[in-house]
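Trainee: Listed below are the residues making up each chain.
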Amino acid sequence: MTALAPPPVRVADRSTSTGGRSKSVVWMVLPALVMFAAFGIIPLLGVLGLSFTQWDGIGAINPAGADNWFSVLSEPGLLHALWVTFLIMALSWVFQTPVSLLIGVFLASRKRYRGFLAVLYFIPLLLSSAAIAITFSALLNPNFGLGAGLGVEFLNQDWLGQSNLAIATLIFVVSWQFIPFHSLIYQGGVRQIPTSMYEAAQIDGAGRVRTFFSITLPQLKYTIITSSTLMVVGSLTFFDLIFVLTAGGPGDATRVLALEMYQTGFRANLMGPASVIAVILVLVGLGLALLLRRLGGGSASDSQLEGA
Amino acid sequence: MERSPISRRTLLSLTAAAGAGAALAACGSSGPGTSSGGGKAGTASYWFLTGQPGEGIRQAAAERFNKANPDTKLQFTAFENDAYKAKIKTAIGAGQAPTLIWGWGGGGLKSYVDAGQVEDLTDWFGQNAPIKDKLFPTSFGPATINNKIYAMPCETVQPIVLYYNKKVFDQAGAKPPQSWGEMMALVETFKGKGITPFSLAGKSRWTNMMWLEFLLDRIGGPEVFQSVFEGEKDAWSNPAVTDMLTKLVQLIDAGGFGKGYSSVDAGNNADQALLYTGKAAMMLHGGWTYGSMKNDGGKFVADGNLGWMNFPGVEGGKGDPTDTVGNPGQYLAISSKATAEQKETAKKFFQTGVLDADETKAWINDGGSVPVVKGTESVLAASPDAAFLKFVYDTSVNAKVFAQSWDQALSPTAAEALLDNIAKLFQKQVSPQQWVTNMNQVIGK
Chain A
1 MTALAPPPVR VADRSTSTGG RSKSVVWMVL PALVMFAAFG IIPLLGVLGL
51 SFTQWDGIGA INPAGADNWF SVLSEPGLLH ALWVTFLIMA LSWVFQTPVS
101 LLIGVFLASR KRYRGFLAVL YFIPLLLSSA AIAITFSALL NPNFGLGAGL
151 GVEFLNQDWL GQSNLAIATL IFVVSWQFIP FHSLIYQGGV RQIPTSMYEA
201 AQIDGAGRVR TFFSITLPQL KYTIITSSTL MVVGSLTFFD LIFVLTAGGP
251 GDATRVLALE MYQTGFRANL MGPASVIAVI LVLVGLGLAL LLRRLGGGSA
301 SDSQLEGA
Chain B
1 MERSPISRRT LLSLTAAAGA GAALAACGSS GPGTSSGGGK AGTASYWFLT
51 GQPGEGIRQA AAERFNKANP DTKLQFTAFE NDAYKAKIKT AIGAGQAPTL
101 IWGWGGGGLK SYVDAGQVED LTDWFGQNAP IKDKLFPTSF GPATINNKIY
151 AMPCETVQPI VLYYNKKVFD QAGAKPPQSW GEMMALVETF KGKGITPFSL
201 AGKSRWTNMM WLEFLLDRIG GPEVFQSVFE GEKDAWSNPA VTDMLTKLVQ
251 LIDAGGFGKG YSSVDAGNNA DQALLYTGKA AMMLHGGWTY GSMKNDGGKF
301 VADGNLGWMN FPGVEGGKGD PTDTVGNPGQ YLAISSKATA EQKETAKKFF
351 QTGVLDADET KAWINDGGSV PVVKGTESVL AASPDAAFLK FVYDTSVNAK
401 VFAQSWDQAL SPTAAEALLD NIAKLFQKQV SPQQWVTNMN QVIGK
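In the order they appear, the protein sequences are chains A and B. Position 131 of the first sequence, counted from 1, bears residue number 131 in the UniProt record's numbering, the numbering being contiguous throughout. Position 370 of the second sequence, counted from 1, bears residue number 370 in the UniProt record's numbering, the numbering being contiguous throughout.
Bound conformation, chain A alone:
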């Protein structure tokens, strides 16, 4: 058995890991599979099951057929939450990607103070979302916050009390929180690029901007896809931050899918419809992840070390 086992590097390749030859591989995968089934698949199936029932979380569970699905899908609340979710996703991607890319490139090339700067940039990453939300809501408080305290008229807006402003503020806070993480990814990506390519560019007389667009950016293709996937799928689960910062308000201006699910399930005690929203959330996340993978040519997860 051991003699026939393929080298471990090729395990990722699906086409060769079939048949009896990979028995040892199956055993190696088993612990992870068990965990994934116990904490991933089984709860997921449970939620799918719950979405066809009527349950208030306390009493008996009654079958409800597809009623929940019809009622949730026909409700304007779901469409609105989907729209807000996609809006926040798109805006936070548009805002975060260029900024974290630039910071990442900057951090990767600069040798002096790199450690110090890295620590400084990464501080937001260390704070919990709830702490960040509480801090920002205090700073942005229209009566006792930064604007009122400093007496600066421009800062004295009702940041979280007006629909458009609240979404913009939310994007800012989200970016403040997650740009450090994505900068870290980009920094790593940039430092993977062989220096020989930059030397060649230098010999060809390319300037800094030209080098960035002709070498750094194309070489970061997979890093961008990885970062974007994390960003996009991660933004589906923004919950704690929005919950504490705006509670979905004003009105329902910032009520994303995850918040809609929570309110339906744990506030209104409608576990069936909440499960429907949860399943939709999973499907949307899965769809987006697959789409991004397709955009990356399907090979984004392959090793890049040799192909550079």
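Simulated from the structure, these hints should not be mistaken for lab results. In this text, all values refer to a predicted model and were calculated from it rather than measured experimentally. Hints may contain errors.
[To be verified] Here are a few chain B residues that sit away from chain A, every Cβ distance over 10 Å (derived from the structure):
| # | residue |
| --- | --- |
| 1 | D114 |
| 2 | P176 |
| 3 | K361 |
| 4 | A381 |
[To be verified] In silico lysine to aspartate or glutamate, DMTMM-like type, Cα no more than 20 Å apart, as pairs:
| # | chain 1 | residue 1 | chain 2 | residue 2 |
| --- | --- | --- | --- | --- |
| 5 | B | K87 | A | D240 |
| 6 | B | K347 | B | E63 |
| 7 | B | K259 | A | E153 |
| 8 | B | K294 | B | D385 |
| 9 | B | K445 | A | E75 |
| 10 | B | K361 | B | E63 |
| 11 | B | K87 | B | D123 |
| 12 | B | K424 | A | E153 |
| 13 | B | K110 | B | D123 |
| 14 | B | K279 | A | E153 |
| 15 | B | K374 | B | E344 |
| 16 | B | K191 | B | D253 |
| 17 | B | K343 | B | D71 |
| 18 | B | K247 | B | D320 |
| 19 | B | K374 | B | D356 |
| 20 | B | K191 | A | E153 |
| 21 | B | K132 | B | D358 |
| 22 | B | K148 | B | D170 |
| 23 | B | K166 | B | E182 |
| 24 | B | K361 | B | D385 |
| 25 | B | K445 | A | D67 |
[Claimed, not checked] To be clear about the criterion: a stretch of chain A counts as covered by chain B if any three or more of its residues have a C-beta under 8 Å from a C-beta of chain B, and this derived list gives those stretches:
| # | region |
| --- | --- |
| 26 | 49–63 |
| 27 | 84–94 |
Just so it is clear, CB atoms sit at the ideal spot from N, CA and C, and this is done for glycine as well.
Got chain A sorted already, so can you dock chain B onto it with the hints?
Mentor: Leaving out everything else, chain B in the frame of chain A:
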């Protein structure tokens, strides 16, 4: 929704409570609904809320009971307000409820009753008439479901009060409003002085609801909401409801709540701060805010700058201006999943522990509130907060109708729809007509 005297305390006292909570958690380590940990079969579990001064008062009452009953003890655990709400629901759903279920009565209690999770206490109260007679009769309303009593009222009565800043009123040469018309007139008076007429924590949603509750009562009388509560079809279509919503929209449009109200959070008492710093002239809020304004407001309360009154009447309205709304009490139910011994312990606690003389005094003197016990006038009068406590006592006792807050009275499903639509009304995302249509759809749900 998360209205309780405790949760409204400041962040400061919350952090102080966190330490105490951690210490308490060590006491109540056993699993809920089981007799393990405590060792004896009669040990009953009891969950309640953190946050001073309530937490200390609850803890002291349980400890006194344990001292007097070494064989049948209470094992208590304290939870932060929001954590408790999520935990208790899950625990009951999983059949792991504590013996004593602390709560707000009303719609939440009804959902436990419908699921057969709590004991029917009607007969017990019949046999123990002195215990029933000791408490405010109004406090039994939210404990009564289908004419049966499922919980024992405990702790304090918390009507909603119209507070005002006397200093600001003096500066503006204004008088406390005696009618809705005068309230609307005061909006212009205070706006002219650069003062927000009414402080409102719009982000918290239930804070907005207090305005609807009073206005509807004053315009249409208590029967209008009662018919909603009873699940009558299209009960929100009563013209009094549209009148109430229209008046409220007029107040919003007139700038009655100032500029940034929709992002003000009651959770950190920012709305109270507006009142005691003089940035706002009036505030409609629960009786529990008196204590926190006294704590946080510097000398504001001590210097007698805080004024209070019941919500005034509306010209031509059917309602009685002595009516009030709020929390007629807090509630203790017994889990039907508990063992016979645990239930006995719980009932013994009801007989000798809940609102005993010491606890009653503590709620008045340390808690600054009125317990749901009759005949405390002399203790109230001797308290440093005698004037306010007398007002709360009189309001609660003299009210012809002491309605429970809507979000507590209704089922969780209807309450969430209500709060959602109220938030949208305040943002003008729904018109009064749409509001009525939306709310009619969830009647009886």
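Trainee: Can you confirm whether the C-alpha distance between K361(B) and E63(B) stays at or below 20 Å?
Mentor: holds, 16 Å
Trainee: Given the hint that K347(B) pairs with E63(B), test it: the Cα-Cα distance must not exceed 20 Å.
Mentor: At roughly 16 Å apart (the allowed maximum being 20 Å), E63(B) and K347(B) satisfy the hint.
Trainee: At 10 Å, judged by beta carbons, does D114(B) keep clear of chain A as stated?
Mentor: Nearest chain A Cβ is 6 Å from D114(B), so the label is violated.
Trainee: Keeping to a limit of 20 Å between CA atoms, is the pair of K87(B) and D240(A) held or broken?
Mentor: holds, 17 Å
Trainee: Check whether the Cα positions of K87(B) and D123(B) lie no farther apart than 20 Å.
Mentor: violated, 29 Å
Trainee: Holds or violated: K445(B) with E75(A), Cα cutoff 20 Å?
Mentor: Judged against 20 Å, a Cα distance of about 17 Å means the pair holds.
Trainee: Against the 20 Å threshold, does the CA-CA distance of K191(B) and E153(A) hold or violate the hint?
Mentor: The hint holds at about 19 Å.
Trainee: Please verify whether K110(B) and D123(B) have alpha carbons no more than 20 Å apart.
Mentor: The hint holds at about 18 Å.
Trainee: Sort out whether E344(B) lies within 20 Å of K374(B), counting only the CA atoms.
Mentor: It is violated: about 26 Å lies between the C-alpha atoms, which goes past 20 Å.
Trainee: May I ask you to check that A381(B) keeps its beta-carbon over 10 Å from the closest beta-carbon of chain A?
Mentor: Check passes; 37 Å lies beyond 10 Å.
Trainee: Taking 20 Å as the top limit, are the C-alpha atoms of K445(B) and D67(A) close enough?
Mentor: holds, 15 Å
Trainee: CA of K247(B) to CA of D320(B), is that 20 Å or under?
Mentor: The hint holds at about 18 Å.
Against the hints set out earlier in the document, violations occur for numbers 1, 11, 12, 15, 22, 27.
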